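Could you put together the complete structure from these sequences and hints?
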Amino acid sequence: MSRKRKRYGIAVLALIVAAVSIGLLAPSDRSGLASVKAMSDFEAIVGKQDEASYGRYLERHASDERPDATIRIEGESFSHAAGGRFTVEQGYEGLDGTAVVTPETGSISWNVNVNKAGLYQIRIHYFPVEGKSSAIERQLTLGGELPFRGAEKLSLYRIWGNREEAVRRDDRGNDLRPRQVEKAAWQLEPLQDGEGYEDEPYRFHFKQGEQTLTLTAAREPMAIDYIELYQEQPLKTYAELKQEYAEKGLAEAKDRQLKIQAEHAVLKSSPTLYPLSDRSSPSVEPYDVSKIRVNAIGGLNWKLPGQWIEWEVDVPADGLYRIALKRKQDQLRGVYSTRSLTIDGEVPFKEMKEIAFPFDMDWRMQVLGAEEPYLFHLTAGKHRIRLTVSLGQMAPLLETIESSVLQLNEIYRKILVITSNTPDPYRDYQLEKRIPEMTEVFRKQADTIESVADYLEEMTGEVSDKVAVLHTMVRQLREMESEPETVARRLSSYKINVGGLGTWILTVREQPLSLDYLVVSSPDRKLPDAAATLLDKARHELGGFVASYTEDYDSIGNTGDSGRSITVWITTGRDQAQVLKSLIDDSFTPDTGISVKLRLVPPNILLPATLADEGPDVAMQIGEDLPVNYAMRAAAADLTQFADFEQVASRFRDSALTPYAFQDGFYALPEQQTFPMLFYRKDILGSLGLEPPKTWQDVYNLISVLQKSNMEFWLPIDSVNNNSTLVPNATFSMMLFQHGGEFYRDDDKRSGLDSDISMDAFKTWTKFYTNYKFPLLADFPNRFRTGEMPIGIADYTTYNSLTVMAPEIKGLWDFTMVPGSVQEDGSVSHEVASHTTGVMMLQNAKDKDASWSFMKWWTGKETQVAYGREMEGLMGEAARYPTANIAALEELPWPVKDYRNLESQWEWVRGIPQVPGGYFTGRHLDNAFRKVVNQAENPREALSDYLLYINDEIEIKRKEFNLPY
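Counted from 1, the sequence shown has number 134 at position 134 by our numbering; the numbering is strictly sequential.
Everything labelled a hint here was simulated from the structure, so no lab data went into it. Note that the structure is predicted; figures quoted are calculated from it, not measured. Glycine included, each C-beta is placed from N, C-alpha and C at the ideal position. Be a bit skeptical, because a hint or two may be false.
As the list claims (entries may be wrong) - Pairwise CB distance ranges, derived in the manner of DEER restraints:
no. : residue 1 : residue 2 : range
1   : Val705    : Thr503    : 28 to 38 Å
2   : Ala878    : Ser464    : 45 to 55 Å
3   : Val705    : Pro807    : 20 to 30 Å
4   : Gly97     : Gly209    : 19 to 29 Å
5   : Arg475    : Pro807    : 49 to 59 Å
6   : Asp575    : Val463    : 33 to 43 Å
7   : Gly97     : Asp465    : 47 to 57 Å
8   : Glu371    : Ser482    : 26 to 36 Å
9   : Thr503    : Ser687    : 17 to 27 Å
10  : Tyr549    : Glu903    : 44 to 54 Å
11  : Arg163    : Pro807    : 26 to 36 Å
The following block contains the structure:
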């Protein structure tokens with residue numbers, strides 16, 4: 001009996017295992033993903049809106065009519081143009097008619113006759129003239145006045161696409177990422193909110209009669225055929241459209257299925273939307289277990305409102321079709337990623353304005369319409385399907401939180417005025433009496449933020465980290481409202497939580513989505529399986545493990561020789577290396593016949609490899625201290641040996657070449673050059689009645705006003721985590737140079753910091769910290785966002801970070817030249833020191849002429865512009881390239897006004913020489929500084945003491961390398 005039971009048990013177990021195995025091996029089908037809950041729209045809750053906001057503008061004109069009329073203004077009929085070269089051209093770029101070509105500077109005006117006053121939307125038929133590869137930006141005014149803040153920066157996109165139709169492969173069988181090129185064409189686009197908060201084009205109030213419409217250029221040229229005042233027509237719902245289908249007798253298509261690979265998109269709004277290689281699953285198409293395959297599009301690059309991707313589909317027969325997407329949204333847990341869909345430029349019905357893609361770690365097939373798929377009427381022939389990033393239901397939530405952040409930061413600054421940023425935890429500042437509105441602000445904002453959190457939970461049906469951030473802020477605000485005496489000691493955590501809200505805005509505003517392919521099919525056809533089986537996954541993981549031993553993942557692109565060949569090492573990142581290799585294969589190798597073996601290596605490997613005679617011919621993107629150190633050891637090649645060196649050197653400012661000079665030779669060419677600029681909050685300085693300081697005396701005057709409000713001025717201080725590689729401080733350097741001082745003297749044999757000029761500069765610098773109590777450590781970009789530090793000096797690349805990371809203060813800040821020192825003749829010197837990275841040829845390079853050809857090509861204007869645009873296209877504005885090439889920087893996509901500010905400061909830039917033993921200068925300058933600040937040492941004595949060490953090290957190194965001392 002027991003034997004029978006045992007057999008029975010084994011049989012049951014076998015059946016269970018078989019059933020489980022079948023379930024695991026079969027791909028999961030979750031095409032019917034949960035759709036967004038039908039909920040009433042959330043109304044944005046904003047505090048007191050300033051008069052310049054779009055919301056207040058609409059309120060003022062709420063009673064205006066919206067005339068159902070179209071008024072066309074021909075581009076060539078402008079009444080006035082100034083500030084640039086405006087030309088009228090017939091048949092421009094295939095246009096059947098006349099257009100006006102407008103430059104990237106100046107303004108152009110038209111007189112508009114309006115028969116009926118009211119709110120009109122505006123669209124422009126334009127052609128993006130070749131420029132700097134960035135979006136076109138214009139400011140619109142009516143009657144000489146800016147209607148609302150959003151009209152200050154209106155963006156019109158360029159069109160991009162793959163350069164080649166077919167994906168190319170390198171000589172190792174890996175797909176090469178297609179280069180993105182502009183596919184310029186005439187476009188008709190409405191003027192709308194670039195931030196994505198408004199899902200309809202802006203509305204502008206026009207009075208009856210004649211008035212002037214003016215467009216002022218901020219960035220990039222464009223041609224204008226015409227401008228139209230019009231009204232968007234309301235969209236039908238799917239239910240209404242379905243009724244029309246029935247009335248027209250439209251039938252469902254039969255036995256049709258078209259699969260469009262997403263990476264084969266025909267057009268995009270940005271060069272960042274290049275095809276991707278996804279190796280997360282063996283189900284993606286095409287797939288290879290070891291080779292790189294371009295098989296998806298979107299991801300983290302396709303995330304900003306307004307970005308779109310367009311595909312072409314050739315429909316074989318008329319009928320009603322469904323549309324499905326194989327997609328992955330693995331970034332936004334607890335929030336939907338949203339897209340809007342158009343077919344041939346039209347939104348088919350209202351529901352396609354907001355298509356929600358829920359979070360899921362795996363690839364899934366999502367049918368538009370979910371359980372009851374939407375049907376789209378498509379005629380036989382070619383159609384264009386476009387998906388555009390939209391904030392959807394997140395827009396009013398984001399607008400609400402952004403308003404809350406501004407109000408909470410405003411109350412924070414009021415508290416700082418009373419408590420400072422280091423309040424006494426044992427003191428009752430009676431803040432509720434001194435700031436009567438404080439507790440009411442806390443209560444209102446707690447209610448507001450809680451309403452956003454509740455809506456999110458209800459909308460998504462889950463509690464995630466996105467909601468937890470909001471609840472944390474709500475909990476603290478409730479406690480601070482009920483116990484106002486604790487506000488001062490909670491100030492630090494309050495600031496952190498408000499900063500968390502700012503990060504929440506950034507995270508939720510981004511709407512990433514990856515696509516593998518689109519399916520347009522008749523309703524009767526079964527959709528492809530999106531997920532991989534367990535067996536496929538096992539093969540994928542095992543194959544990837546084996547490939548890690550057989551594939552060379554360090555070399556980039558083609559590695560074969562074409563006769564002459566050089567080896568180049570790059571130390572930054574794989575994205576940079578791939579862009580560079582693509583440029584090499586596109587232009588350098590075909591033009592010169594020199595093949596390049598590009599390798600991605602760790603930064604610290606160059607020295608041991610060179611000592612072992614295993615180093616490269618050329619090392620790229622190296623610190624400015626390396627070339628002279630290698631030159632002393634006869635390991636770097638002197639570039640002056642080449643006849644055209646002077647011509648190549650003229651591409652750069654002298655300041656960029658200074659760190660690479662040694663004993664009448666130059667041992668590297670500069671790639672990047674950065675220098676300090678003055679950043680300031682226009683809104684806060686304006687409220688305090690202050691202007692950006694032009695001289696250091698202005699700084700002293702400004703400090704007293706700021707400190708009365710417990711705000712601070714930031715001067716850059718480098719971290720001492722790696723004291724051995726410290727460069728001379730930026731503030732000290734600018735004060736030294738502005739008064740005519742030098743870092744070294746006697747042909748670089750001794751330090752020049754023992755001069756009276758240097759001693760005075762050092763004393764002035766340290767007084768900011770001993771007398772004015774400037775902070776030694778601070779996160780300047782974040783404190784600039786909150787307003788604690790409404791002004792400060794920082795590297796100009798901080799501009800890129802603030803542009804991307806601080807959207808809530810967009811338009812509220814600017815940058816300009818650093819404060820200067822008044823000279824004897826009354827002029828003002830704004831000199832600053834710069835820092836660079838360079839490209840160096842090693843002395844043991846086997847083919848120096850080929851290496852020099854590469855260096856000339858790499859630092860040339862065309863290559864630097866192409867690389868800079870590719871990197872910005874790849875990684876966004878935060879990766880804007882700080883090239884050292886004078887002509888190339890002008891061609892990068894800076895707004896005209898900001899580039900002029902940069903150029904003004906660049907003219908004052910000085911380079912710091914690199915000398916034997918010079919690494920002691922920055923190190924001991926910092927040591928002397930901290931001795932004064934922390935130990936109250938006399939500035940002159942502290943610097944003099946450390947000068948002995950600096951001079952001793954310079955002498956030791958010069959003796960070591962048999963140099964005069």
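Original post:
So which of those numbered hints doesn't the model satisfy?
Top reply: Per hint list: 2, 5, 8 violated.
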